[in-house]
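First to last, the sequence lines map onto chains E and D.
Heads up, the first sequence is in the numbering used here, so the first residue is -14 and it goes up one at a time.
Heads up, the second sequence is in the numbering used here, so the first residue is 116 and it goes up one at a time.
By construction, these hints were calculated from the structure, which means they are not laboratory data.
Each residue gets a CB set at the ideal place from its N, CA and C atoms; glycine is no exception.
Heads up, some of the hints might be wrong.
[Stated by the list, open to error] Simulated restraints, written as ranges between beta carbons of each label pair:
| id | chain 1 | residue 1 | chain 2 | residue 2 | range |
| --- | --- | --- | --- | --- | --- |
| 1 | E | L168 | D | V127 | 41 to 51 Å |
| 2 | E | L14 | D | A236 | 51 to 61 Å |
| 3 | E | R196 | D | K393 | 44 to 54 Å |
[As the list claims (entries may be wrong)] To spell it out: a stretch of chain E is covered by chain D in this simulated footprint if at least three of its residues, at any positions, have a beta carbon under 8 Å from a beta carbon of chain D; those stretches are:
| id | segment |
| --- | --- |
| 4 | 21 to 34 |
| 5 | 135 to 145 |
| 6 | 219 to 230 |
| 7 | 239 to 249 |
[Claimed, not checked] In silico SDA-like links for lysine to any residue, alpha-carbon gap of 20 Å or less:
| id | chain 1 | residue 1 | chain 2 | residue 2 |
| --- | --- | --- | --- | --- |
| 8 | E | K194 | D | A582 |
| 9 | D | K121 | E | G118 |
| 10 | D | K415 | E | G118 |
| 11 | E | K43 | D | L579 |
| 12 | D | K192 | E | M111 |
| 13 | E | K(-8) | D | K121 |
| 14 | D | K415 | E | F241 |
| 15 | E | K43 | D | K121 |
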Amino acid sequence: MGIKTEKYMPFLLVLPALIMVFGLTLYPLFHALYYSTRDTDLTSPIPDTFIGINNYRKMLNFDPTLSDAYVRSLTFTAGCLALQIPLGLGIALLLNRPIRGHRIFRAIFALPLVVAPIAIGQIWRMMYHYEFGIIKYLVSSVFGTSPNWTADPNWAMVSIIIYDTWQWTPFVALILLAGLQGLLPEPYESATIYGASAIQKFRYITLPKMRPLIGLAAIFRMIDTLKTWDPIWAITWGGPGQATETLSYYLYRIGFRYFWVGYASAVSLVFLYIVIVISTVALKKGAKL
Amino acid sequence: MAVSRKTMWGIVAVIIVIIIVAAVAVIFYRPAERKVTWATIAGFYTDWAETISENFTTKTGIKVDVIGIDYSVMYEKQMIELAGKTGAYDIVTIETMCLAEWANAGWLANLSTYIAKTPEADINFTDILEHYRWLLRWNGTTYGLPYYTYDQGVHYRADIFENTTIKQWYHAWATTPALRNPTYEDTVNWPIVLTELRKPNHQMNWSEFENMARFFFEETRDPVLYGVGLMAGPVESNDEWMAIMWGLGGDHFNSTYAITVNATQSVRAMEIYMRLLKYAPPGALASSYDEVVAQMRAGKIPMTGPFYLDQWPNMVKTEDSISGAKMECATPVGGRGYIGCFALGIDAASKRKDDAWEFLKWLTGPTGQYSFAKGGGTTCRKSVLLNPEFDPAVNPATRRYTAHYKAVWNASQLWLQTAPTWQKPPRVFKIPVAGKMYLESKITIGAIAAGQLTPKGGLDKLALAYATILGWGYPVPSQTPPAGWQRPPED
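Okay, chain E solo, but in the shape it has when bound (with noise of 0.2 Å):
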């Protein structure tokens, strides 16, 4: 190999990667940021202006409706936290244990993570259906009634962060596991010398050492419960009313049926910006643990 082609072979092999970067990341973010100063719609024959900081103060003063969605975005967040980090560590717990065909259990808890949101949401949907879905006979079976759990804006949101449980608690405790496995047994050997009992131990031995980990697999669903779309559109359509209509869901909505791409753009961008805010000062907190 001549000394030229050696200079130049590493840019030459970092190329492909820096294309992609570009492409797919940095040119949609320069190009959102130019549509967010403009009126665009596209079903508008009108030429698009340059509006300044007009979609911004229409966002923060003016749209009622996504500050609702900011709301719910956050109810959302916290339901499936809630929910999936303690679900998590306990199915973590559980597959830890040397039991008879774990490697089965783990690979049918890890199921749920393989299934496309789109195509299992419209089970779910058919599920929590009030004539014939299976979770209303369930729940009527054990508790005598059910919940109209999509047509009750008070059950709508319960009813996508049971589903988004379901699906990603797998990864929570996947990670979780990863993390329990790593964990030294000399600690645990010298607590039941001194009489430790099982409960003792989780509180004084695993919670500490697992703390940095479960502030990581927290981050990870945060950042992607935030951003969820998908089983929102398949179980709910944003419904009853706007029950369930999150953030994402309202950029969906005035993005791509409103087709409003200048307003749509600003509170993404605006979106993009609480999610890099949220996620670095969680990270941070995170690697204090």
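Using the hints, position chain D against chain E.
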């Protein structure tokens, strides 16, 4: 593993050759056959479309590539292609509420010129139901031709309505105020109500309908039977509200284009809808038309609210699932239901407009629509709707597919007879942002139905949303058109 310089350049050369060959193929490849693409609704419609397209191909040699798209995303997908001027779909499926928007954006090809140079026998333009000729015209030009109507009416269980015991019971209930809730709106000519859906000379009003729903729900004491089937889910609740609003004489806009979705009749329509919801089976807030059909077939409802007449072939299957059941359908309560159809248009960016027109002309023309009717479709042509071959009284064999044709025809005539001139068609259809307003109404009406907003509060919000979409002022828009606002063409 070390890779020699020679090998590396060899790989690069192969990749470059592949890219060049692929690019040349894409640029210069021209299919030998004549072919058009048609974006349409997946499912039953696609099966039918493929069958009917094969007949067309046999006749003309033009292949039709049917692109079945799920209805829930069909408009987004089409609009993305139309806005991008890709010409990916030569023929697009248009909903009446979208036509003004698409035509105004310059996305659709002018069909008037094609119609003008087509022999009258092939197109017979005046045979198309008159209200669709209004709705598919923009600024004096036709941009779409209809092939499938889903105008609304009412489907009901005639066996229940004709049941002597129920009729007597109803008569006693209806004529004895003490049996009813004394606070209930009592504006009804009670003795005739129960049978009136079947009488051609009496146009049922919404008070009468509401009382019937209440009677079935509360008084029959049948644990299975509810009062009325409603599609109050996120997709069609606005169509139902609109039907009631129009039936009460209200509209989205008045004759001067002021927004009236929060005016008296509109609010009353929503209040009636909310009361009807109490008589509907649980789960109505997540129901679509499929669920209402299922409710009918399960014997849970005696009648629908404002419902798509084209669903007759599905509704009539109730007679198979319930012994003794007899289905019928009627014109909409209040004389007006949601009016809508699927129409075909040609993408202005299509490179095969002439071939697309050949298909469009054939499918929406008298011959294509006759074939369509034979296959169970609901046509928009007078000559087919009134063809004795499809009249169950003349040809009972067609009852399961075409017994609703009479109601479709009568519903269209009711619009023409009852609407004032300025409302022919309702102005909302002619506003270039009607598609967006229609979507907004889905959300708001859904929210009101779900109890998240009051009828008045929700409709005030909807009026504000309409004004915002129309761009009538900033930050708080006005409900009346601002000076300088360009009125849509009235044609």
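Structure-based check of each hint:
1. Checked against the given bound of 41 to 51 Å, the beta carbons of E:L168 and D:V127, roughly 49 Å apart, stay inside it.
2. One distance hint, 51 to 61 Å for the beta-carbon pair E:L14 and D:A236, holds here, with the actual separation near 58 Å.
3. Take E:R196 and D:K393: their Cβ atoms lie about 51 Å apart, and the range 44 to 54 Å holds.
4. Against chain D, the segment 21 to 34 of chain E contributes 4 residues with a C-beta closer than 8 Å to a partner C-beta. That satisfies the three-residue criterion, and the hint holds.
5. For the segment 135 to 145 of chain E, the proposed coverage by chain D is satisfied: 4 residues have a C-beta within less than 8 Å of a C-beta in that chain, meeting the threshold of three.
6. Note: the segment 219 to 230 of chain E has 9 residues with beta-carbon separation from chain D under 8 Å; the three-residue rule is met and the coverage holds.
7. Coverage of the segment 239 to 249 of chain E by chain D holds [criterion: at least 3 residues with CB-CB distance below 8 Å; count 4].
8. For a cut-off of 20 Å, the pair hint linking E:K194 to D:A582 is broken: about 57 Å separates their Cα positions.
9. Restraint check for D:K121 and E:G118: the C-alpha separation of about 65 Å exceeds 20 Å, so the hint is violated.
10. The suggested pairing of D:K415 with E:G118 holds, with an alpha-carbon distance near 17 Å, which does not exceed 20 Å.
11. Between the alpha carbons of E:K43 and D:L579 the distance comes to roughly 15 Å, so the proposed pair stays at or under 20 Å and holds.
12. Distance restraint check for D:K192 and E:M111: the Cα-Cα separation of roughly 25 Å exceeds the 20 Å cut-off, and the hinted pair is therefore not satisfied.
13. Simply put, E:K(-8) and D:K121 have alpha-carbon atoms about 17 Å apart, close enough for the 20 Å limit, and the pair holds.
14. Distance restraint check for D:K415 and E:F241: the Cα-Cα separation of roughly 38 Å exceeds the 20 Å cut-off, and the hinted pair is therefore not satisfied.
15. Distance restraint check for E:K43 and D:K121: the Cα-Cα separation of roughly 60 Å exceeds the 20 Å cut-off, and the hinted pair is therefore not satisfied.
In this structure, the earlier hints numbered 8, 9, 12, 14 and 15 are contradicted, and the remaining ones agree with it.
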